[in-house]
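Asks: Spelled out from the first residue to the last, the chains are:
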Amino acid sequence: MSRLHRRHVAVVVILVAVLIGGVLLSAVVGQLTMSPTDVVGTVLQSMGIHTSWAPADDVTVQALWQIRFPRIAMSLLVGAALAVAGAVMQAIFGNPLAEPGVVGVSSGAALGAAVAIVTGFTLGGATGIALLAFVGGLGATLLVYFMARSNGRTEVVTLLLTGIAINAFAGAGLAMLLFVGDTASREQIVFWQLGTMNGSRWNEVAVVAVVTVLGTAAALYLAKQYDLLSLGERTAGHLGVRVERLRIVSIVVVAVLTAGAVAFVGIIAFVGLVIPHLMRMLLGPAHRGLILTSCLGGAALLVYSDVLARTLVTGADLPIGLLTSLIGGPFFFYLLRSARTKAGGWA
Amino acid sequence: MSSASRMDTSVPALRAADVSVELGHKAILSGVTVEVQHGEVLALVGPNGAGKSTLLSVLTGDRAAGQGRVQVDGEDLAHWHHGDLARRRAVLTQENQVSFPFTVRDVVAMGRAPWQGRPEADGDEVAVDAALAATDVAHLSERSFPSLSGGEKARVSLARVLAQQTDIVLLDEPTAALDLRHQEDVMGIARERASAGCAVVVVLHDLSLAAAYADSIAILDGGELAAFGVPSDVMTAELLERVYGIAVRVLDDPVGGSPVIVPVRR
Numbered sequence: 001m002s003r004l005h006r007r008h009v010a011v012v013v014i015l016v017a018v019l020i021g022g023v024l025l026s027a028v029v030g031q032l033t034m035s036p037t038d039v040v041g042t043v044l045q046s047m048g049i050h051t052s053w054a055p056a057d058d059v060t061v062q063a064l065w066q067i068r069f070p071r072i073a074m075s076l077l078v079g080a081a082l083a084v085a086g087a088v089m090q091a092i093f094g095n096p097l098a099e100p101g102v103v104g105v106s107s108g109a110a111l112g113a114a115v116a117i118v119t120g121f122t123l124g125g126a127t128g129i130a131l132l133a134f135v136g137g138l139g140a141t142l143l144v145y146f147m148a149r150s151n152g153r154t155e156v157v158t159l160l161l162t163g164i165a166i167n168a169f170a171g172a173g174l175a176m177l178l179f180v181g182d183t184a185s186r187e188q189i190v191f192w193q194l195g196t197m198n199g200s201r202w203n204e205v206a207v208v209a210v211v212t213v214l215g216t217a218a219a220l221y222l223a224k225q226y227d228l229l230s231l232g233e234r235t236a237g238h239l240g241v242r243v244e245r246l247r248i249v250s251i252v253v254v255a256v257l258t259a260g261a262v263a264f265v266g267i268i269a270f271v272g273l274v275i276p277h278l279m280r281m282l283l284g285p286a287h288r289g290l291i292l293t294s295c296l297g298g299a300a301l302l303v304y305s306d307v308l309a310r311t312l313v314t315g316a317d318l319p320i321g322l323l324t325s326l327i328g329g330p331f332f333f334y335l336l337r338s339a340r341t342k343a344g345g346w347a
Numbered sequence: 001m002s003s004a005s006r007m008d009t010s011v012p013a014l015r016a017a018d019v020s021v022e023l024g025h026k027a028i029l030s031g032v033t034v035e036v037q038h039g040e041v042l043a044l045v046g047p048n049g050a051g052k053s054t055l056l057s058v059l060t061g062d063r064a065a066g067q068g069r070v071q072v073d074g075e076d077l078a079h080w081h082h083g084d085l086a087r088r089r090a091v092l093t094q095e096n097q098v099s100f101p102f103t104v105r106d107v108v109a110m111g112r113a114p115w116q117g118r119p120e121a122d123g124d125e126v127a128v129d130a131a132l133a134a135t136d137v138a139h140l141s142e143r144s145f146p147s148l149s150g151g152e153k154a155r156v157s158l159a160r161v162l163a164q165q166t167d168i169v170l171l172d173e174p175t176a177a178l179d180l181r182h183q184e185d186v187m188g189i190a191r192e193r194a195s196a197g198c199a200v201v202v203v204l205h206d207l208s209l210a211a212a213y214a215d216s217i218a219i220l221d222g223g224e225l226a227a228f229g230v231p232s233d234v235m236t237a238e239l240l241e242r243v244y245g246i247a248v249r250v251l252d253d254p255v256g257g258s259p260v261i262v263p264v265r266r
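Each protein sequence line maps, in turn, to chains A and B. In this text, residue positions in the first sequence follow my numbering: the first is 1, and each later residue adds one. In this text, residue positions in the second sequence follow my numbering: the first is 1, and each later residue adds one.
Covered stretches of chain B (in silico footprint by chain A; criterion: 3 or more residues with CB under 8 Å from a CB of chain A, positions within the stretch not fixed):
| # | segment |
| --- | --- |
| 1 | 75-89 |
| 2 | 93-100 |
| 3 | 103-112 |
By construction, these hints were calculated from the structure, which means they are not laboratory data. The beta-carbon is built from N, C-alpha and C at its ideal position, and this holds for glycine as well.
Start from the sequences, fold in the hints, and give me the full structure.
Replies: Okay, here's the thing in structure tokens:
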């Protein structure tokens, strides 16, 4: 009991350290190389603490606060949101292969966001895109859920096939919007499909922050019930869980988190698959610890991925979605294989 | 348990009155009435497809009865609050699967979930340890549940049900995957819970086991109640032959005194 507890604390401490390291690294490297003292100095100055580290150069200050910091904040939040969404999705499907990108929730949300871009739908600035992304994501989640569940269990084949169908449909929708949209929206949509942290703005970060904090808090609150749900829906019900309500609330949580993540940076796949799986291997399947560490791990993964996206090719900003899929794709194969050997076939 | 002694003994712990269930146009259960008192073990027996598990799922509320009513401690099942019901009644289903690699101890501890945030939660550790010991799975505590054998899974799931510490316990074929000794152990536990004041409903295939441990037996046949009463009354060769379609002999166990049912083998 306490051994596991110590292990939890150790993992959280390591994750936080890795995360802080990533944030610093991300602030320092890039087209303009900053010194770590510049970064710490300007942050301290913003808090009203004037030190000799504060950069005198206004360009440095502007570059950090207008470009780099919002980008880092966006990476953290999107990574956290996607990893938590993945963990929640796996809990309600009772299956480690469920993930927003794989089963089509991300593309549903992207379709919603693209509609907002092309039609110029706004509702208080940035929230228009987020709202339609939420509608698209929610629709896709509901569709997957009711397609892939029968008699209280998830058919893996149906789950993945539903994902294929939704991804295809959303892809067609996006293509159509590309066709009818003007040049500016086209460019925006193309970037969406690849996923990029480039050009993140503070007002967008604020929307994603609200969504991520609310979604993660809800997931942590429901964590104990997710544990019981792994005994099966009937047994969870016999233990006092109101299964119907839990499912509906969880579907909304997944849609909110995924839409928040996708709305401004596009489709970044596999974060919700890789991170919860790693955390489950480290800490076991209890959902409170899993959701908390997935939140930290997802944030760390995307901060480092973003550093790589900016620095791998000099002078170019690689789409971050490309990087996560490069890592996540092979990982997915591995999971598929082990799930198949364990289940003894496609059950 | 403690609250059982306070209970009015004339009110059955669990009662299904004139329950009917249809699936499509086929009657799965028709007009079944059974009840069990606190302190009693009720066994549901019958051939495959007779409606035993359907009756159990009507008693748990998992399946709504097309007709009839189900009452827990005199109160209609639908009126029960989710949490209160989970503190009054525990259920062992036939499917003992766990989606993620929780340890045996974790799984048994989940049985304590209904008591969370209540004074009884202080007894969580004790309840879990006692349940692990009673079902002979304490040595598996740190094993991951999905890695267990079928019989071990069944015993761990039973431990989870015991850890819930409820006055009413429903068990759907708890002995199905078990060896001879553990079958007897499980029925011994059911008997012991009943002595402590619980009402126990158990679906069984082994007629001799039912006759040895149950206070009353309900024999289902094609969705209808063929007989309901004390073992010595309902366990007759004629009735069992009619229900199961095979000649049987009902012997008296010279030591235990309860009837032993064996098929006539030629």
